[in-house]
Amino acid sequence: MCFQNLPIEFDEQGRAYLREEVENPYAYQRHEIDRSRIEELLARNGHIKDVNIDPVTRVAGALAFHSVVDLKERRVYEANSVATLFRGYEVILKGRDPRDAMFISSRVCGVCGGVHSVASSLAIEMAFGIAPPPLGLALRNIQLALDFCLDNPLHLYILAGPDFSEVVVKNTNPSLWERAKKAETRHADVHGYETIAEIMTALNPLTGQLYLEGLNATRVPREAYAILYGKYPHPQTVVPGGLSTTVSLKELNETHNRIVRTLDFGKKGVFIWNELTDFFYDADPRYKEVGKRPKNLMDTGIWDDPFAYDGTYANAPEWGLRRWATPGIVIDGELVTTNLHHINVGLEEFVEHSYYEDWSNETLRHRFDPAGNPISPHHPWNKETKPAPVHKRSWKDRYTWDTCPRWDRHVMEAGTYARMWTTAAAQQLPHTRFLESTGHSLKMHVPKTVLPAMDLEWRIPEVWNAFERNRNRAYHIVYCQLVAYENLLLAMDLLKRGYTKVATPYEVPQDHRIGVGFWGAGRGWLTHHLEMDKGALINYQIITPSTINAAPVDPFGNPGAYEEAVLNTPILEEFDKPEEFTGIDIFRAIRSFDPCMPCTTHIYADDHVVSREVNTCGCGIE
Amino acid sequence: MPQRLIVSPTTADIAEPLADEQSRNFPNQVGNVAGATMDELAERLMKRAGREEMPGPLKKVVVFWMSGMGCDGCTISTLGATEPTVEELLTGSIPGVPIVVLHHYAASIESGDAFTHALEQAAKGELDDPYVIVYEGSIPDENLTVYGEPWAAEGSLPTWAPDEERRSVPTAEWVYRLAPGAAATIAIGTCATWGGIPAAEGNPTGAMSVMDFLGEEYRSAYGLPVINVPGCAPVGDNFTETVAMLLLFLNKQAPLPEFDEIGRPAWLFKETVHRHCPRAGWYEEGTFAEEYGDRECLVEIGCWGPVVNCNITERGAVGHMGGCMVAGGVCIGCTMPGFPDKFTPFYKKPPGSTFSTTGSRLLGMFVRPLRRLSQLERNRESRWHDEVPSGWALEYDTTTVTHKVVEYFYHKLQYFRAEKPGRQDEVEQYSSGWVTPAEAAYGEHYQVLPEKRAKLAARHNAPRREWTAPQALEREVPVSPSVDPYGLVHHDLEERE
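Protein chains in written order, with numbering that gives the first Met the number 0: chain A, 0 to 621; chain B, 0 to 496.
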């Protein structure tokens, strides 16, 4: 079955159980980091360099990165991703009314806007035993698709874009710039740029057309977001069991106009990032190695079917498959499961290389999830977090405020591409008005706007690297626009038919409850796990996409996704002397993940220990 | 796409270096991917796009935007602002507002030491240009991390030192070192202004606001206490507007704008958010939302608007669109120093509202029926008397005797010592005796519907066109077919609200 490392098997009904002969099914031997070879290399060779980047800019929040680079061999020997911020949200949430969690957890990340408050409301709904009415779900889908329509352009044109701009390419790879001036584009009819160099000039910070358009393009979906959610970021109308938005045709029309106005920029973006990617591949095939890592990706799915979602854990595998993005786990490029239970029970979180104390297995609260599947002592529902600001940074030991989430002890990656990958590969997508899952691609039928109607197709890539991440993000914008558009048409229909309720009434339960919200952000999936009793939260924990991607080395010795991507990155920039090395290839690898460090924050609260939150927010790199 | 002031690029070449740039001489180039810092790119823009011909003594201001225990929401909010936009500030496009060099971890082209270098220079007092600090997020108590890594750090020092000689620099330390020399220190967002959520009850980090951290005695180099633009996240326009106004002041182009006793821009935060709320009228009539999604006043489902200083209902959230209560979200007091703990549990009715809503309910009991009566009459043309001749009017509020009586006296009152429209008095008639064509054709009671006019016309021998009488319906009205792309069952109308 889908688990290779954890001793989990399934009976005929598909229920998970632990193989009986394994004595301590979740025990492991900690693998120590051995730096002796690297230290020796560093001491001996002038061309092997300690590269500290603190902070890594043009990411959301505080990230630092340390690497050891061989400038002669042009390869990376060591890479460490460092989160330098801790805020303690989970401690703050502990003992509060669960309804406060939506507003407080939203503040975990101001980049991902409402994704946390919605994930929180999903977890609360599961705990309360309620589900939103259809219109509430459709509106939720619209908003959380629009969220990414502004989040992704922000990344492509403001954060990552400048790495492919004239000012940077001219400086780091003059020969590439010369080549770009001669490289004609294939789709000037769509985007208006005759050569690759023109695209690069348009990506210049401050003055470039695409930079400025990108900034402006983030405002249009924001307006639509504010119309239905009150404000952006940190929406004001998310409530347990739906929304508190007052909706009429006015709001839907205003939203409709804004979705439509973003479509042209979405279409253009796909062609621009296709041209850029192909240009780099043609110029030097080694660019396919930049940010390369194994095709291990996961996603929990997002955007619920208004007529299928019931908010229960028991039915999560069914309603999960009805989502506009199919949940799934991809190992070595193969889809191994689409079942939300499997995804949940495989989750574990480790803190061996983070500034936390491990928690004791003796306080294990949950051996099984509510459906009877076994869960690890390291599962979020069991986790106790103890921040320990007593450790000095050491590449051999602890070096980040981020924790290390794993699925089945594999190093997984989260992202827009994971979402589209599982959706494309699973062929389960029930919503085919604009989208089609073919098993190897996701087809998008984009209606006519100023630009003509287009059939765009994102194909699951053969190589997995930084360029494919960015290329996918451009397609993901269009994907989200279409999800928003389809849900908007659905909402208009629902309103007309009298499905006017946007929220389901509830009472705050006083008994012991447990819940999880499986949702998504602009850079991949996220989960909120909560436990409550006597009307108050006793445990709350968040895993975000950047928690996973920015993770440090795990106890089994495997580096996190950023680290792995940087380790595989060849140094392709042009320089004569070691001092001239800028690290652009490393930056492209890191930024391709769209790091969001505020989001990497963990929120955790527990009875007995000081809860902690890890924030991978913009840490300084070392 | 709506057009903003700047949507087309300037043609200034910012890829070619100027002669005296420093960053290419840094001991190593790691992170300096463009071979230029944001400051140098701004210089290129100024020199090549004629931005130097700016009024006022200041041509350029460096903004050090630092984030402590924040979520980047203030940054994101600011990027969405349109009054002015960030690109207008960054490209020096507003006369009198110096070009803003934004030194920000999410926007700067340079990373690592190339980025930290400017902070270091400012801390040493070696920066040529005046600078402003913008601080986002709350300030943790780093006394709790004496033996470990800081709660919140940005950059490491010394720059360009080997790995083992470096230390992470807490953002709090940067504030401590940079604030005295800053032209102004601006706290953006509720974390930085009042502590916000990271400083809420139960927090493990001892977090606090910038104002609390710097103390009551703090004054910037220009003599200003900490400026506070609160909100979680703040309305982006509130921030960029404050910055633009402040830069005009620093550049001697405008007076210092007014701030209130806790450093908030007074013109933005003087009023309660309820006063501009589109739902305030419901409050006045004593009608309140009972469920999420209702369109009435939200006070009884948890809104604190009547006691919260904020302008989001007036200004909107983004591009003048949205706003919490405009959309249907309760006010949770996110701009207030007491946020969050003085407003929790969220969605529980504020206790103080019981008294006032009872009052408005009592008043509303009298006001509402009277208003509906007047409203009904005003929803009628003067040509309608007993019936409403609309094709839509399958049902219409009927006029009762009470209504007629009330309206009679209302009418009297309305025109008591006031001029009723029309030529009532002899001196108001035309002296020649001329009457309007309508009156000539139908007499003085010409304000009637066509059927009645036909009769009046006959009495006055007025000429008629054949096609002016309303037509009788001679064909069946088609009913639009129901489109059901989702195969939904038709919903029972009774479930409608």
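One or more of the hints may lead you astray.
[What the hints assert, rightly or not] Listed next, the in silico DMTMM-like pairs over lysine to aspartate or glutamate satisfying Cα-Cα at most 20 Å (straight line):
(1) K391/A / E163/B
(2) K391/A / E172/B
(3) K451/B / E438/B
(4) K48/A / D162/B
(5) K180/A / D340/B
(6) K249/A / D140/B
(7) K385/A / E163/B
(8) K48/A / E295/B
(9) K348/B / D96/A
(10) K249/A / E313/B
(11) K395/A / E15/B
(12) K395/A / E164/B
(13) K71/A / E578/A
(14) K46/B / E82/B
(15) K395/A / D12/B
(16) K347/B / E578/A
(17) K347/B / D532/A
(18) K385/A / E257/B
(19) K341/B / D96/A
(20) K347/B / E506/A
(21) K419/B / E465/B
(22) K180/A / E15/B
(23) K385/A / D162/B
(24) K391/A / D19/B
(25) K48/A / E164/B
(26) K385/A / D396/A
(27) K391/A / D140/B
(28) K348/B / E506/A
(29) K391/A / D162/B
(30) K93/A / D340/B
(31) K391/A / E164/B
(32) K93/A / E200/B
Derived by calculation from the structure, the hints in this document are not laboratory data.
Here the structure is a predicted model, which is why all the values come from computation and not from measurement.
Hint by hint, here is what the structure shows:
Straight-line distance between C-alpha atoms of K391/A and E163/B comes to about 11 Å, which keeps the hinted pair within the 20 Å bound. Taking the CA atoms of K391/A and E172/B, the gap is about 18 Å. The hint holds against a cut of 20 Å. For the suggested pair K451/B and E438/B, the alpha carbons sit about 14 Å apart, so the restraint of at most 20 Å is met. Straight-line distance between C-alpha atoms of K48/A and D162/B comes to about 10 Å, which keeps the hinted pair within the 20 Å bound.
Of the pairs offered as hints, the one joining K180/A and D340/B is violated, with about 58 Å between alpha carbons and a cut-off of 20 Å exceeded. In summary, the hint linking K249/A to D140/B is not supported, as the alpha carbons are separated by about 48 Å, beyond the 20 Å threshold. The hinted pair formed by K385/A and E163/B fails the criterion: a straight-line CA distance of about 27 Å is larger than 20 Å. Proximity of K48/A to E295/B is assessed by CA-CA distance (about 65 Å); at most 20 Å being required, the pair is judged violated.
With a C-alpha separation of about 14 Å, the suggested pair K348/B and D96/A falls inside the 20 Å cut-off, and the hint holds. Restraint check for K249/A and E313/B: the C-alpha separation of about 18 Å stays at or below 20 Å, so the hint holds. With a CA separation close to 43 Å, the supplied pair K395/A and E15/B exceeds the 20 Å bound. For the hint linking K395/A to E164/B, the alpha-carbon distance of about 16 Å falls within 20 Å, and the restraint holds.
Annotation: proposed proximity of K71/A to E578/A holds, straight-line Cα distance about 13 Å (limit 20 Å). Taking the CA atoms of K46/B and E82/B, the gap is about 26 Å. The hint is violated against a cut of 20 Å. A threshold of 20 Å between alpha carbons decides the hint, and for K395/A with D12/B the separation of about 46 Å lies outside it, so the pair is violated. For the hint linking K347/B to E578/A, the alpha-carbon distance of about 60 Å lies beyond 20 Å, and the restraint is violated.
At most 20 Å may separate the alpha-carbon atoms for a hinted pair to count; K347/B and D532/A meet this at roughly 19 Å. Of the supplied pair hints, the one linking K385/A and E257/B is violated, its CA atoms being roughly 45 Å apart against a limit of 20 Å. In summary, the hint linking K341/B to D96/A is supported, as the alpha carbons are separated by about 14 Å, within the 20 Å threshold. For the hint linking K347/B to E506/A, the alpha-carbon distance of about 12 Å falls within 20 Å, and the restraint holds.
The hinted pair formed by K419/B and E465/B fails the criterion: a straight-line CA distance of about 35 Å is larger than 20 Å. Taking the CA atoms of K180/A and E15/B, the gap is near 16 Å; set against the 20 Å cutoff, the hint holds. Restraint check: the Cα-Cα separation between K385/A and D162/B comes to about 28 Å, which exceeds 20 Å; the hinted pair is violated. With a C-alpha separation of about 40 Å, the suggested pair K391/A and D19/B falls outside the 20 Å cut-off, and the hint is violated.
A distance of roughly 15 Å separates the Cα atoms of K48/A and E164/B; the hinted pair therefore holds under the 20 Å criterion. Note on K385/A and D396/A: the hinted pairing holds, with a Cα-Cα distance of about 17 Å set against a maximum of 20 Å. With a C-alpha separation of about 17 Å, the suggested pairing of K391/A with D140/B holds against the 20 Å cut-off. Under the criterion of a C-alpha separation no larger than 20 Å, the hint pairing K348/B with E506/A is consistent with the structure, at around 14 Å.
Taking the CA atoms of K391/A and D162/B, the gap is about 13 Å. The hint holds against a cut of 20 Å. Among the hinted pairs, K93/A with D340/B is consistent with the structure: their alpha-carbon atoms are about 13 Å apart, no more than 20 Å. For the suggested pair K391/A and E164/B, the alpha carbons sit about 13 Å apart, so the restraint of at most 20 Å is met. With a C-alpha separation of about 10 Å, the suggested pairing of K93/A with E200/B holds against the 20 Å cut-off.
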